[in-house]
Amino acid sequence: MNYFKQVLNENKYNHHYLFHGPSRDELAKKIDTVFHTSGYTTSAGSHGDLVYTKGDKTLRMLLGALVAYYTFRVITTEKENDTYEVEL
Numbered sequence: 001m002n003y004f005k006q007v008l009n010e011n012k013y014n015h016h017y018l019f020h021g022p023s024r025d026e027l028a029k030k031i032d033t034v035f036h037t038s039g040y041t042t043s044a045g046s047h048g049d050l051v052y053t054k055g056d057k058t059l060r061m062l063l064g065a066l067v068a069y070y071t072f073r074v075i076t077t078e079k080e081n082d083t084y085e086v087e088l
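When we follow full-length UniProt numbering, the leftmost residue of the sequence shown carries the number 1, and every step to the right adds one.
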């Protein structure tokens, strides 16, 4: 993504990135494409606030560390003129 501007906050639990240039729909489509090509599926949410999951939650609870299960919640908010904050 060539619209990346800066990292606002990055710690163990949250990552906030600032993008400038694309429309909110275009940015959401690009984020969606990146997650879907990595094998994630959309499990909940609406446009601009989506939850992506990968793996099987039931098997993760039964077999523990032998099965991978990942969940990401991606929130896209508009800041000012064509600037958007993406929170993971």
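Among the hints, a few may not be true.
To be verified - List time: in silico DSS-like cross-link candidates among lysine-lysine, alpha-carbon distance up to 25 Å:
#1 LYS57 x LYS12
#2 LYS79 x LYS54
#3 LYS5 x LYS30
#4 LYS54 x LYS29
#5 LYS79 x LYS12
#6 LYS5 x LYS57
#7 LYS29 x LYS79
#8 LYS57 x LYS79
#9 LYS30 x LYS79
#10 LYS79 x LYS5
These aren't lab readings, by the way, just hints derived from the structure by calculation.
Problem - Given pair status - LYS79, LYS30, alpha carbons within 25 Å - result: 19 Å, holds
Practice task
Given the hint that LYS29 pairs with LYS79, test it: the Cα-Cα distance must not exceed 25 Å.
Solution key: Judged against 25 Å, a Cα distance of about 18 Å means the pair holds.
Problem - 25 Å limit on alpha-carbon distance, applied to hinted pair LYS57 and LYS79 - result: 35 Å, violated
Practice task
Take a quick look at whether LYS54 and LYS29 sit within 25 Å of each other, Cα to Cα.
Solution key: Between LYS54 and LYS29 the Cα gap is close to 18 Å, so the pair holds against 25 Å.
Handout entry: 25 Å Cα cutoff - pair LYS5, LYS57
Key = Violated - the C-alpha atoms of LYS57 and LYS5 are around 35 Å apart, more than 25 Å.
Handout entry: Pair hint LYS79 and LYS12, alpha-carbon separation not exceeding 25 Å
Key = Status holds; Cα separation ~24 Å.
Handout entry: Given pair status - LYS12, LYS57, alpha carbons within 25 Å
Key = Measuring from Cα to Cα gives roughly 22 Å; hence the hint holds.
Practice task
For the pair supplied as a hint, LYS79 and LYS5, confirm whether the alpha-carbon distance does not exceed 25 Å.
Solution key: Between LYS79 and LYS5 the Cα gap is close to 13 Å, so the pair holds against 25 Å.
Handout entry: Proposed proximity, LYS54 with LYS79 (alpha carbon, max 25 Å)
Key = Distance ~30 Å between LYS79 and LYS54 Cα, so the pair is violated.
Exercise for the section: Starting from LYS5, check that the Cα of LYS30 is at most 25 Å away, please. Expected result: With Cα atoms ~16 Å apart, LYS5 and LYS30 stay inside 25 Å; holds.
Hint check: violations occur at hints 2, 6, 8; the rest are consistent with the structure.
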